[in-house]
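J.: Could you slot chain B onto chain A? The hints should help.
Protein chains in written order, with numbering that gives the first Met the number 0: chain A, 0 to 124; chain B, 0 to 174.
With a cut-off of at most 27 Å between alpha-carbon atoms, the simulated DSS-like pairs for lysine-lysine come out as follows: (1) B/K89 with B/K108; (2) B/K52 with B/K101; (3) A/K65 with B/K32; (4) B/K38 with B/K168; (5) B/K101 with A/K65; (6) B/K38 with A/K65; (7) B/K38 with B/K89; (8) B/K64 with B/K165; (9) B/K32 with A/K73; (10) A/K73 with B/K38; (11) B/K168 with B/K89; (12) B/K87 with B/K168; (13) B/K168 with B/K64; (14) B/K52 with B/K108; (15) B/K101 with B/K32.
DEER-style ranges, computed between Cβ atoms: (16) A/A98 with B/E42: 32 to 40 Å; (17) A/L105 with B/I79: 51 to 59 Å; (18) A/P99 with B/E171: 38 to 46 Å; (19) B/T4 with A/T96: 25 to 33 Å; (20) A/P91 with B/W21: 19 to 27 Å; (21) A/Q20 with B/P41: 23 to 31 Å; (22) B/W21 with A/Q20: 38 to 46 Å; (23) B/E171 with A/A24: 53 to 61 Å; (24) B/E171 with A/T103: 42 to 50 Å.
Partial pick of chain A residues on the chain B-facing surface, computed with a CB cut under 7 Å: (25) L40; (26) D57; (27) R82; (28) Y83; (29) G84.
Keep in mind the hints are simulated off the structure, nothing from the lab.
For every residue, glycine included, the Cβ atom is placed at its ideal position computed from N, Cα and C.
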Amino acid sequence: MSLLLGLMLAAGVPADLGYSQIPDAGKEAQAAELMGTLRCLVCQGQSIADSDVDMAADMRRIVRQKIAAGESPKAVRGWLIERYGSYVTYDPPLSWTTAPLWFTPLLLLGAGLWLARGTLRRRRK
Amino acid sequence: MKRWTLWVPLVVFLVVVALAAWRLTGTSEMVVKSALVGKPLPEFTLPAMVEGKPGLSRADMATGKPRLLNVFASWCVPCIAEAPQLMKLKAAGAEIDAVAIKDSPEAVKAFLSRHGDPYARIGDDRDRLVQIGIGSSGVPETFVIDSRGRIASQHIGDIRAEDVPKLLKALEEAE
Numbered sequence: 000m001s002l003l004l005g006l007m008l009a010a011g012v013p014a015d016l017g018y019s020q021i022p023d024a025g026k027e028a029q030a031a032e033l034m035g036t037l038r039c040l041v042c043q044g045q046s047i048a049d050s051d052v053d054m055a056a057d058m059r060r061i062v063r064q065k066i067a068a069g070e071s072p073k074a075v076r077g078w079l080i081e082r083y084g085s086y087v088t089y090d091p092p093l094s095w096t097t098a099p100l101w102f103t104p105l106l107l108l109g110a111g112l113w114l115a116r117g118t119l120r121r122r123r124k
Numbered sequence: 000m001k002r003w004t005l006w007v008p009l010v011v012f013l014v015v016v017a018l019a020a021w022r023l024t025g026t027s028e029m030v031v032k033s034a035l036v037g038k039p040l041p042e043f044t045l046p047a048m049v050e051g052k053p054g055l056s057r058a059d060m061a062t063g064k065p066r067l068l069n070v071f072a073s074w075c076v077p078c079i080a081e082a083p084q085l086m087k088l089k090a091a092g093a094e095i096d097a098v099a100i101k102d103s104p105e106a107v108k109a110f111l112s113r114h115g116d117p118y119a120r121i122g123d124d125r126d127r128l129v130q131i132g133i134g135s136s137g138v139p140e141t142f143v144i145d146s147r148g149r150i151a152s153q154h155i156g157d158i159r160a161e162d163v164p165k166l167l168k169a170l171e172e173a174e
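Chain B with its partners taken away, still in its complex shape:
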């Protein structure tokens, strides 16, 4: 046996140690991206969440103009943080629809009157049917839907001020 082969086990061992160290010291927080990005939005129909505002179906989202689909809940704290950014997006001309996750009409109404109402439609997704149907795993999340009803991109977590221009650009590119 050649001399260098003696070192092979040590090298293999060091590689294993390096891999373990890398995975153990990294951040444990991990986001699960939707595998449906780039694919058509699945078929769905949700009843209205609050009085005076229509519910949401797939047909409402493929209107020839790109839209945002915001997944939110009145009980979700980061959703409060992103509310002003959604208002900014709306003021900049973005059309925003929403699904409310595991919520009640009273709670959503109170949330909207307190933090602003940027939504054209809100669907009542009490069993997370649509949320799971589009590959979203938390609140808040925001999907850019293009003019043909295809999911163009997904923003995971609350929208910060610096994300607003990015989302407006994504909407422009989703024509």
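Same shape as in the complex, but just chain A:
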């Protein structure tokens, strides 16, 4: 296996981006950050950066190829969302279904302040 790998490297065959990094370190950093936030669809609960199943490698290869070709991480995430819906990303865009995630804490905080205000006012009397 290592002999084969050595031969491939010697022959200048590009490495499989499913399992190896983009030569350009800046682009690899972009890809790595993105891959950490994309869901492995068959292992569910792991990102494609964490998973060792071959579907995750196939997704990493596509992500790295697109980033290496100059696409922005945002565009690549959008490409996957177009195919699998927001489910594929751990950083879901704001929409009607995800709105409660963002606004419930604010609502609860508001309710808490309102309760505290009532209690404090009564104490002062």
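T.: Just chain B, lined up with the frame of chain A:
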């Protein structure tokens, strides 16, 4: 403060418990539907998987007649289970193309001679480029492609006997 407001925290707590109980006791198996259903099939071209049978490209799928696109693999056990149903669909006049996922010509050839060959074309999708490109997350899956090359619907999992009439109807409606 009014008396009833005292109950608000308890109600909120019970709602949270009910939500948790609902999600924890439900089935954990979850299917990921393609978000491309209703949209045009993306552009692609795949080389032939086996000798004597052409590969597959988008142009082959937008021919003015609805077709089935079957995502399968010789190493996939439910694909064996659905093979007879695909043969039935073919016998009923359905035109079926396929992409073979992470496979080799020898293995696919052996699979077809053992379980039947309902396919007009088979594309070699060894890197899951087309599978991921159409929003499929497993094998087997079957897409109904309408006469203009639009993805009309997606069937996730193996085709059972009771799914055959449904798929034939979907093909009819995809004219």
